[in-house]
Amino acid sequence: CGYHLRGGSQLLPPELSRLQLIGDERSDLYRAVALRLRRANVQLVTADESAAVLTLGDISVRNEAASVDSRSQVVEYLMLFNTHCTLTVPNHEPQQFNASFNRSFLNKANQALASSREQEQLKDEMLEQTADQILIQLSRLKF
Amino acid sequence: KQSDYKQKVYVDSVRQVAELNDNRLTFLDDVVIRQGTIEIHADKVEVIRHGDKGADEMIATGRPARFHQVLDNGKPVDAQANRLSYKLKERMVLLTGNARIKQSDNEISGDQIRYDIQKQQMVAESSGGSRVKTIFLPDEMGSFDQPAQEKP
Amino acid sequence: QLQLGAGVFDERCYPNVPPLVQADANEKAQPVEVTSDRAEATQQGKAVYEGDVEVKQGLKLFSSQYTELDQQTRQVTARGDIRYKDGSVTLVSQGELKGDLNSRESTISQASYQLHGSPARGQAKLIELNEKESSVKLSGAEFTTCPPGQEMWKLKASEVSLDQDEVFGEAWNATLWLKDVPVFYVPYMSFPIKDERKSGLLYPTMGYSNRDGVDFAQPIYWNIAPNYDMTFTPRYIQERGTMARSEFRYLPVAGNEGSLYGEWLGNDRQLDDSRWLVNVRHQTLAMDDALRFKVDYTRVTQDDYNYFNDLSPSVGTLVDNQLQQSMRLGYYQPNWNFTGEARDYQILLADTVLPHKLLPRLNFNAYSPSTKYDLALQSEFSNFDHDDAGFYRGQRFHLEPQLNLPLLAAPGYQLDSQFRLMYTHYQQQLPEDYDSNLVALGLNHLDEQVDRALPSVRVAGKLIFDRQDYWQNRPFTQTLEPQFQYLYVPYRNQDNIGLYDTTTLRQEYYSLFSDRRYAGLDRISDANRVSVGATSRVFDAEGTERVRLTLGQSYDLVRPKVTFYPKEVVSTNSRSLLSFRGDVRPLHHWFGHTGVEYDTEQNRFSSGSAAVEYQHEEWLGQINYRYVREGNLSLSDPDEVTDISQLGLLARLPVADSWQLIGAHYTDLQQSTALDSLIGIRYDACCWSLNLAFERHRRPDNASLTAETENKLGLQFELKGLGSIGSGTDFTLDTRLLPYSRPFNLND
Chain V
9 CGYHLRGGSQ
19 LLPPELSRLQ
29 LIGDERSDLY
39 RAVALRLRRA
49 NVQLVTADES
59 AAVLTLGDIS
69 VRNEAASVDS
79 RSQVVEYLML
89 FNTHCTLTVP
99 NHEPQQFNAS
109 FNRSFLNKAN
119 QALASSREQE
129 QLKDEMLEQT
139 ADQILIQLSR
149 LKF
Chain G
6 KQSDYKQKVY
16 VDSVRQVAEL
26 NDNRLTFLDD
36 VVIRQGTIEI
46 HADKVEVIRH
56 GDKGADEMIA
66 TGRPARFHQV
76 LDNGKPVDAQ
86 ANRLSYKLKE
96 RMVLLTGNAR
106 IKQSDNEISG
116 DQIRYDIQKQ
126 QMVAESSGGS
136 RVKTIFLPDE
146 MGSFDQPAQE
156 KP
Chain R
1041 QLQLGAGVFD
1051 ERCYPNVPPL
1061 VQADANEKAQ
1071 PVEVTSDRAE
1081 ATQQGKAVYE
1091 GDVEVKQGLK
1101 LFSSQYTELD
1111 QQTRQVTARG
1121 DIRYKDGSVT
1131 LVSQGELKGD
1141 LNSRESTISQ
1151 ASYQLHGSPA
1161 RGQAKLIELN
1171 EKESSVKLSG
1181 AEFTTCPPGQ
1191 EMWKLKASEV
1201 SLDQDEVFGE
1211 AWNATLWLKD
1221 VPVFYVPYMS
1231 FPIKDERKSG
1241 LLYPTMGYSN
1251 RDGVDFAQPI
1261 YWNIAPNYDM
1271 TFTPRYIQER
1281 GTMARSEFRY
1291 LPVAGNEGSL
1301 YGEWLGNDRQ
1311 LDDSRWLVNV
1321 RHQTLAMDDA
1331 LRFKVDYTRV
1341 TQDDYNYFND
1351 LSPSVGTLVD
1361 NQLQQSMRLG
1371 YYQPNWNFTG
1381 EARDYQILLA
1391 DTVLPHKLLP
1401 RLNFNAYSPS
1411 TKYDLALQSE
1421 FSNFDHDDAG
1431 FYRGQRFHLE
1441 PQLNLPLLAA
1451 PGYQLDSQFR
1461 LMYTHYQQQL
1471 PEDYDSNLVA
1481 LGLNHLDEQV
1491 DRALPSVRVA
1501 GKLIFDRQDY
1511 WQNRPFTQTL
1521 EPQFQYLYVP
1531 YRNQDNIGLY
1541 DTTTLRQEYY
1551 SLFSDRRYAG
1561 LDRISDANRV
1571 SVGATSRVFD
1581 AEGTERVRLT
1591 LGQSYDLVRP
1601 KVTFYPKEVV
1611 STNSRSLLSF
1621 RGDVRPLHHW
1631 FGHTGVEYDT
1641 EQNRFSSGSA
1651 AVEYQHEEWL
1661 GQINYRYVRE
1671 GNLSLSDPDE
1681 VTDISQLGLL
1691 ARLPVADSWQ
1701 LIGAHYTDLQ
1711 QSTALDSLIG
1721 IRYDACCWSL
1731 NLAFERHRRP
1741 DNASLTAETE
1751 NKLGLQFELK
1761 GLGSIGSGTD
1771 FTLDTRLLPY
1781 SRPFNLND
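Residue numbers (my numbering), protein chains in the order written: chain V, 9 to 151; chain G, 6 to 157; chain R, 1041 to 1788.
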């Protein structure tokens, strides 16, 4: 049915072989994206006009009630994880893309401390997925 | 300056015509009149005497006729108009026909300006389409709403 | 330049308002030109100009019939159809102008004004302009943003002062007139003249509900200093009493900011008791943001379970009815970070087991990435305290070195491995006689000292297949990405360890590929599990992801023996839930998302959700559905469990050109009861808008764990350019129980 293993030697297009990653170097997202870029043997450079620039935006994490029970107590919460980043490749238009994930967790009124730990776990896992998603998005760009 | 009025009046011109019967003396072509710091340039100046002592009125016409005087505070006054009449005794200058007086960076223009040298007072009026225009440059008197910089 | 709420400025309504022009700096140095019919001036004396006098300087144009300038005192007076215009305001007056060129102050009587680039205009008995302090004082003033001829409202005040450098203007003895009916009086009122800071909060809010009656609040803003401000809000609730809210915000020096917020209700007539809330939020960033200190503390009166349901304060993070009280200090570097945190909760739900207090938790994480592999160390020390003598307390030390070793990496395939060693030491202080809840769960056979060391091996790989195709002769790329993971963790009985900050994770696609079954460290489940999944994505010609479908399930080669509670039965099911997730963004205006978990053992759905939305300019429509098996309690008999089957319908549609209708309706299909319904209508005129919203919802009572219907009517009359007056219900699709949510992952 026409599927073939993805070929090519590099995961990312050649224009991204040398890339400057801009963001809060101390943040987990920056570390996760930098790790994956190195794995895709991208050379991370600082302040070099000829290199492409990937700017990581801030992370927004929000909890929203998703479903309520017959006593109007919340049953499910939805954690919405969202970030955006901008890629500028020399003499190309800057492109912005968005990575968002959501995962649900149950209302645990009597396990407050554990619930906050669960939320931390969901946030960390979605952060890793976001780093993967950014790489997937970069690997699909056509110049 | 006040001292101007005691000075003698010098007049020189290319041509001079005297009509004694109605006490009128006319100077023509590049007429220059001086009295102390006062200086008048015109194409034609008629000096009229009514009474017995000295000239009473000088009427200068030109394209334009000019009047210059340095005041007591050392600031010059320059005036010009198509017709400039200078009454010595009253020390009054009447400018008619796109008249303009420039006085230490302030400038007034209009159809007719009466300038009383003694009281340092100017009255400008316009007639018909044209308007009286006064221009203040900021450094002198300061802008319309800006405090005047006291000169050192 | 004076700018008054210009954000709301709409050319269609205000065709003849001149644009705001910034005066350039050297305007003062430009010559002044005065034209008039007649001029009379004496040197150092008075200058009089008469007859259509026009004074021009740069942008400034000032005309009158008679203007007099005293060169000595530098006083200016003018009379006769005065008209003053500069880059930011136009004044027209039939009265008189007096000005002082030295102090650059001028007063104009009987003047009407129109701000430039803004709808704001009005008139005043006296306008005092002070150019040096760029302030304007209007006495006997009227203010409106309505275009001429459509005067719907105007604000009359004895005095209005607008100071350019301040963010807020002030008005004294202000009365709001609708047409020519005085509607609302306030002795003092401040309103923003710039959009910064707290612009929207400053206006009285009005609402009515059948339970609380009229609910009216009028915030008063006090701008103490450029980086300190305070908002004091008296609030009258008909059926409860009068309460006071105050918020003090401070930003003493860059990097340090915070707010102290308090609410105090002297006596709530429905409870015959006083109620209060305190909220402290603070953040300090130092050493170039490497050192971060944060406080987020909220507390209400003891056992006041319904505080949030009754008084809906605007602060406090309330999730799971838990009010977070935490303080956190962290030092962050690119390759390591050290954080310390203390955390407690106030639970606002009747008869719940109180959690342990975390006093403190210290984390040290270090990372050393390199191209071939990367090492990481996570370590943590936590001290868990508890007030109830029947509960155990404990100190836990955890060390977790980790090696990530990528085995194969290529565009078409990927294989990674991860090796972890989890060493945990517990020191537990056990109660003489355990609390009955703990006994029921089997948590009463704990040891004072426990050491646990568990390795974890994880191998994960994925293949990526592509195919190009055309759809309606537009090229697209579709991928097929099979993915697998093998996780091995040996078994270790942990029934002798208390539960402090650990809970189960919900089973769904992403948790299949997680490295743990429980969040927290008190239970590390054994695993001999293979997870298999596949993702298919469709990328359009520009490389934007338009469709993403995933399907996955995991198999336990050996069924895990660790259970959450010691008395729990070990599950016999070796297959996890079959999990499916779908995200679609076929067309620009259409969004879709779904997630379903299916129990292949019992052949039934375990949980699921779906949402479809259409959004285009003013039009918006969303249908959402959520299902949780046995997630709900039956209305008729609270001990009987039933399913959550919740349908949500939301819509926002423009009716005639300036009318807009919104609606939201959530129903429990299982027990066919309406949960929350909202209907609202909005009319938008040039300078005002009116929205009326009615909401009927089942209001929760956290003390009796019941819910009863409440009707709420909200009238919001917004004076554009002056913020909104009265906001019973804001004009959004949020309902009180469920916010308008967009769970769509493919919105670029």
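Errors might be hidden in some of the hints.
As the list claims (entries may be wrong) - Quick list of in silico lysine-lysine cross-link-like pairs, DSBU-like style, CA-CA up to 30 angstroms: (1) G:K138 - R:K1086; (2) R:K1086 - G:K124; (3) R:K1125 - G:K107; (4) R:K1502 - G:K138; (5) R:K1086 - G:K11; (6) R:K1334 - G:K124; (7) R:K1502 - V:K131; (8) G:K49 - G:K92; (9) R:K1086 - G:K94; (10) G:K138 - R:K1125; (11) G:K107 - R:K1096; (12) G:K124 - R:K1172; (13) R:K1100 - G:K138; (14) G:K80 - G:K124; (15) R:K1412 - V:K131; (16) V:K150 - R:K1502; (17) R:K1086 - G:K80; (18) G:K80 - R:K1096; (19) V:K131 - R:K1601; (20) R:K1096 - G:K138; (21) R:K1100 - G:K107; (22) R:K1334 - V:K131; (23) R:K1086 - G:K107; (24) R:K1138 - G:K107.
Unchecked claim - Far from chain V, some chain R residues (derived; all Cβ distances over 10 angstroms): (25) P1222; (26) Y1248; (27) P1395; (28) R1666.
To be verified - Which residues of chain R face chain G? A few of them, derived with a C-beta cut under 7 angstroms, are: (29) P1071; (30) V1072; (31) V1074; (32) T1075; (33) S1076; (34) D1077; (35) R1078; (36) A1079; (37) A1081; (38) T1082; (39) E1488; (40) Q1489.
Source of the hints: derived by calculation from the structure; they are not laboratory data. Here a beta-carbon is modelled for each residue, glycine too, at the ideal position from N, C-alpha and C.
(request) Hints the structure violates: just list their numbers, smallest first. (result) 4, 6, 12, 27, 28, 39, 40
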